[in-house]
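With the hints as extra help, turn the sequences into a complete structure.
Residue 78 in numbering that gives the first Met the number 0 sits at position 79 of the sequence shown; the count goes up by one each step and never skips.
I should point out that these hints are in silico values taken from the structure, not numbers from a laboratory.
Hints may be right or wrong, so weigh each one.
[What the hints assert, rightly or not] Below, simulated DSS-like cross-link-like pairs (lysine-lysine); rule was C-alpha separation at most 27 Å, straight line:
hint, residue 1, residue 2
1, Lys9, Lys52
2, Lys78, Lys52
3, Lys9, Lys78
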Amino acid sequence: MARIIDGSEKNMVGERVRSLRLARGLSQQLLPDRLETLAIYICRGSISRIEDKQRTVTDIELYGLSEALRVPIEAFFEKEEK
Numbered sequence: 000m001a002r003i004i005d006g007s008e009k010n011m012v013g014e015r016v017r018s019l020r021l022a023r024g025l026s027q028q029l030l031p032d033r034l035e036t037l038a039i040y041i042c043r044g045s046i047s048r049i050e051d052k053q054r055t056v057t058d059i060e061l062y063g064l065s066e067a068l069r070v071p072i073e074a075f076f077e078k079e080e081k
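Structure (structure tokens):
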């Protein structure tokens, strides 16, 4: 089966994950700690790779990230205000 994602970026949400995490004062280790309480296991290194768009994000992981960062899923797809 062909991959839907073409090119070097493997997700659309990495930059928003980083900005939302930083806005909440969370380190790359505290975010996986929060996810673990939801039974979603993403290591610190994988958070880094998600934020750098080097790793895909499953729907379950995206749901967990929205819960852990306390934002609706739609927030990951909004343009960041500068």
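For this session: Determine which of the earlier numbered hints do not hold for this structure and return their numbers in increasing order.
Result: Result: no hint breaks.
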